[in-house]
Amino acid sequence: MIAVSTVAVRNIGRSVDSNDWVNHTHAVILETEALRSSLLVANGTLHTYVLTGDPRDQTACRNALADIDDHFQILSALTRLAPTDHAKVGQLELPINRYSRSIEELLVAKAAGQDNTVRTLLEASTINNAVREMERVIKSLKDNQLALLTERDTASYHQSQTTRWTVWTGVALNVLLLAGVAWLIRDDLSARRQVTTALEEANRFLESRVKERTRELGSANRHLSTENLERRWANHSLEHQLRYNQRIIDSISDLVFVTTHSLNISRVNPAVLHVTGADSTSLISKPLKEVVRLVVAPAGSLSPLPDPLKYALKAGQDLRDQPAEIQDRLGQRIPVVLSLFPLRDNNRVVGGIITLRVTRPASKHSA
Amino acid sequence: MKKHILIVDDEADIRDLLNEFLSGNDYRVTTVGSAGEAMLAGQSDPPDLIISDLQLENTDGLEMIANLKKAIPGKPVILLTGVLFDPEVVEGVLSTKVDSYLMKTTPLSRILETVRNLLKE
Chain A
1 MIAVSTVAVR NIGRSVDSND WVNHTHAVIL ETEALRSSLL VANGTLHTYV LTGDPRDQTA
61 CRNALADIDD HFQILSALTR LAPTDHAKVG QLELPINRYS RSIEELLVAK AAGQDNTVRT
121 LLEASTINNA VREMERVIKS LKDNQLALLT ERDTASYHQS QTTRWTVWTG VALNVLLLAG
181 VAWLIRDDLS ARRQVTTALE EANRFLESRV KERTRELGSA NRHLSTENLE RRWANHSLEH
241 QLRYNQRIID SISDLVFVTT HSLNISRVNP AVLHVTGADS TSLISKPLKE VVRLVVAPAG
301 SLSPLPDPLK YALKAGQDLR DQPAEIQDRL GQRIPVVLSL FPLRDNNRVV GGIITLRVTR
361 PASKHSA
Chain B
1 MKKHILIVDD EADIRDLLNE FLSGNDYRVT TVGSAGEAML AGQSDPPDLI ISDLQLENTD
61 GLEMIANLKK AIPGKPVILL TGVLFDPEVV EGVLSTKVDS YLMKTTPLSR ILETVRNLLK
121 E
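Protein sequence lines correspond, in order, to chains A and B.
Using our numbering, you'd call the opening residue of the first sequence number 1 and step up by one each time.
Using our numbering, you'd call the opening residue of the second sequence number 1 and step up by one each time.
No wet-lab data here; the hints were simulated from the structure.
Every residue gets a Cβ at the ideal spot worked out from N, C-alpha and C, and that includes glycine.
Everything hinted at is true.
Not everything, but these chain B residues come out facing chain A in the computed CB check (under 10 Å):
1. G24
2. T106
3. P107
Just chain B, same shape as in the assembly:
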């Protein structure tokens, strides 16, 4: 059975590209554009892994991730963002909230590798 990935990003192009790439690598993908849609999708069809942007319209991505983890605990989260963080910030703050942090400039192959590692494939 295919593993299910939930993608949360307010940019349609980002969602479409990630969907095309991950579907082509044999994953079932759900894409949403807001925190509200993410909560609904996560509860109705719990994913195996979540990829989220930090900068979401009307909400903070980390806050949404915290709420999702409460609703569907135990699911790994990748923060995929265009905002450049300092390594200390990543180590100190983000590592407690997410399982992996990647820049949006990270190649797709590297993103796939991170997904597989977190899903233990």
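So that you can see chain A by itself, here it is in the shape it has in the complex:
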């Protein structure tokens, strides 16, 4: 595009210069013709004056001579920059001067009424020679200019054609370039649309995954919240249940011992502390038999059992309403009625629950 523009501009510049030169050449030709016309006018008015003797014809002749000189000066100025043409114009100077002098002599002679001098000057070849010389130079100059014009017209035509072809070629190239760019842009747009479509699809997929994940998380969160609530409810209700059960057991007036499988005391209720006067730390882990003992062997037994409580626990059997004694901290024995119940966990006997009902109140002890 730059190359075409440069060539086009250069050609246009040359065309402008060519036009300037043509105008200049036409000006030279016009001045040459004007000079020739002035020469003819000078000749004509001269002969008219010679015939009429009218001062007006004399004036006209002198004016024509002045015109010849003016046109010569103009021609000289116009061809100043063209040495060849300038030299040719220079060839007019002598004949113009000779002609002007001769005409002037004739005019003076005629004005003076010197007809013989007029006749002699007319018959002399000076004027004619000058005129012939001037016409020869003028014709040569004009022909030369016309030849140059023709040459320049041809060159100008060729240049115009070149400019036209350059411009049209440039236009065609630009159209091709534009078509190429349009094709590339179309490709690019198509690729961008594909990428946009792919991005939109990926975005939709991600959005749906995010929504799905959000739903899953929401559901998991709700599930966890519900589980948490259930856990808190279970903990609280268990604690509440334990508290109630503890209160119920603590309010029983019967003495309650909880023992291990080997009948060591693991827990007592407040009634035990109240009746025995002992504190719980002195009773926990102590063998039960150090505090409580059966008075007689259980009914129905064939022989006294060394430890009926152990036997019942081992057998997993209840033992009810057996007379027994409990010893308080002062060593005083208090009669009670004993019952034993195996403590089971998943059907395995893991300990025993021994309850004692006081049959005869003993002296009160502070627990």
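Since chain A is already given, all that's left is putting chain B on it; use the hints.
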């Protein structure tokens, strides 16, 4: 419109937990801590269902339930208690006074199921 449940229990933790759970399951819940408050709440804003504890401060839960049924008849009652009853006691006595009996150790999901059944949802 959301169904309205009145919860009567003297323990704040129990009331708060049940409120949180049932509100989360789209019920409107009113909680009170005594029989007096229950009567006031029941008459001013009659519930669709009542959940009550048995052991209330200064009153018997069953007695309060009987009074509430007189004031706002036709509303189902769930007895939610930590006291363990014999099945015969539940069948014979409680079934005439309440519509359902549940231990406090019953999971919340089971309590919700009972609520929905009684409200016919």
